[in-house]
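Undergrad: These protein sequence lines map, in sequence, to chains A and B. Taking the working numbering, the leading residue of the first sequence gets 1, the next gets one more, and so forth. Taking the working numbering, the leading residue of the second sequence gets 1, the next gets one more, and so forth.
What the hints contain is simulated information worked out from the structure, not anything from laboratory work. Bear in mind that the values here come from a model prediction, so they are computed numbers and not experimental data. For glycine and all other residues, C-beta sits at the position ideal for the given N, C-alpha and C. Hints may be right or wrong, so weigh each one.
[To be verified] Computed spacing ranges between beta-carbons, pair by pair:
1. B:GLY134 to A:ASP167: 33 to 39 Å
2. A:ARG204 to B:ARG231: 55 to 61 Å
3. B:PRO87 to A:ASP167: 46 to 52 Å
Protein chains: 2
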Amino acid sequence: MELKVIAYARNGHTDKFGIPRQSRADSPILTRIVFEEDYSIREAFRGIEGYSHLWLIWGFEEPSSREGEKQKTSGIHHKLPTEDWSPTVRPPRLGGNKRMGVFATRSPFRPNSIGLSSVKLIKAYPRPLPDGKGERWELLVSGADLLDGTPIYDIKPYLSYSDSHPDAINGFAAETANYELQIEEKEFAEVPENVMEDIRYILRQDPRPAYHDDCEREYKMDYSGWRVVFRVEEMKIIIVRIEHIETN
Amino acid sequence: MELKVIAYARNGHTDKFGIPRQSRADSPILTRIVFEEDYSIREAFRGIEGYSHLWLIWGFEEPSSREGEKQKTSGIHHKLPTEDWSPTVRPPRLGGNKRMGVFATRSPFRPNSIGLSSVKLIKAYPRPLPDGKGERWELLVSGADLLDGTPIYDIKPYLSYSDSHPDAINGFAAETANYELQIEEKEFAEVPENVMEDIRYILRQDPRPAYHDDCEREYKMDYSGWRVVFRVEEMKIIIVRIEHIETN
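Make a model of the complete structure from these sequences and hints.
TA: Encoded structure:
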């Protein structure tokens with residue numbers, strides 16, 4: 001089957017480093033789902049605001065810009081040809097040195113590189129195009145684990161009576177799901193408070209590849225026009241500096 | 001993106017009529033997910049039995065048989081060209097006469113005709129091919145809302161900490177989710193008990209198109225080699241007869 005891109009995700013994750021490993025209901029991180037012209041039809045969204053949560057079905061491919069916006073050049077964009085899969089993968093949360101079957105993981109390196117995320121719906125609205133040429137429909141959602149520019153193939157309402165299994169057994173992912181790092185408090189007056197809140201949320205989830213555990217090592221993460229440099233000592237994040245960067 | 005079929009669903013639903021409208025955790029209906037040769041690799045399933053639930057990502061297209069099995073000819077198979085979508089659809093549970101936006105429904109008539117179902121995993125195992133030419137890996141699952149022969153594009157583990165939102169608000173689907181019909185007790189000694197149990201489950205969910213409410217009308221549903229003829233009086237199912245049919 002040939003999938004057509006119906007929308008692109010737009011958010012502060014211009015860098016693969018820092019994207020949460022799964023979508024999370026408590027995430028403050030906002031993503032705009034910007035519909036392509038053919039699907040940007042008011043009627044197609046009738047009733048959608050009655051749902052608190054949605055499913056996004058999306059592609060792990062190299063992100064593209066939507067028409068009318070400049071091509072992003074920053075960030076570590078990754079091209080995943082769909083031929084490139086392996087029967088086993090090394091989940092980062094298992095330390096990156098234990099192999100699991102690809103169908104027992106959410107790894108991107110699958111036979112078909114499609115991703116699945118549940119997100120909170122905040123609002124559905126039309127937004128004028130920057131050049132005054134009409135408008136595009138958008139959904140504002142929170143909790144998406146997506147790179148900026150990710151292509152979206154489908155949006156479905158979340159139905160709790162068929163999609164929610166709170167007692168599901170999570171296999172090897174169970175033991176590794178719940179821990180948070182602490183952050184050493186420090187002032188970064190030049191960073192807007194909402195961006196700073198997102199950065200703190202991302203760092204608390206421990207964005208490091210799990211096979212690194214070197215307290216001297218400095219990590220760099222780009223988010224929403226800022227480059228965050230940090231170290232991790234035991235279970236504590238030390239932000240070294242935050243610099244403004246060019247994203248367009 | 002071009003999706004490759006990795007497996008086909010095999011179950012008693014040779015007929016579109018009777019397929020549950022969503023996957024249901026309490027369903028007794030079993031489906032075998034039979035992997036195509038290229039994906040039928042023992043290692044790809046390592047760790048999968050640690051999960052109680054899985055996601056299936058599948059296609060609403062005309063089903064095909066897998067290699068080595070006869071083409072199914074019974075049932076109302078439906079071809080859905082992906083060009084065939086409309087911004088609004090008429091959900092059967094709303095009586096079939098109220099239009100909702102396609103992104104607020106799980107309708108098959110979407111820009112990309114992909115479906116999403118959570119199922120219970122019972123077992124992963126290799127099974128010999130009928131002609132003695134090697135084996136194929138299969139997953140046995142329950143609760144799938146799929147037509148026999150449905151192509152499968154991806155299998156993912158269900159992660160309760162990111163996928164389960166028991167308090168999600170279900171929009172217009174909320175009011176219509178929970179009711180069951182009663183079944184008038186009658187003996188059908190020639191039908192195997194496990195098939196009879198599935199048939200009773202399907203009938204209790206009310207498989208009628210919602211815009212029909214004629215107690216004289218006889219409905220026909222094919223399931224697992226049997227044709228079930230029934231009527232509905234008020235909230236009660238009356239099974240008129242069950243006949244054996246040829247499915248291959």
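Undergrad: Work down the list of hints and note, for each, if the structure agrees.
TA: Quick rundown of the hints versus the structure:
1. B:GLY134 to A:ASP167: 33 to 39 Å: 38 Å, holds
2. A:ARG204 to B:ARG231: 55 to 61 Å: 59 Å, holds
3. B:PRO87 to A:ASP167: 46 to 52 Å: 37 Å, violated
Hint 3 from the earlier list is the only one contradicted by this structure; the remaining hints agree with it.
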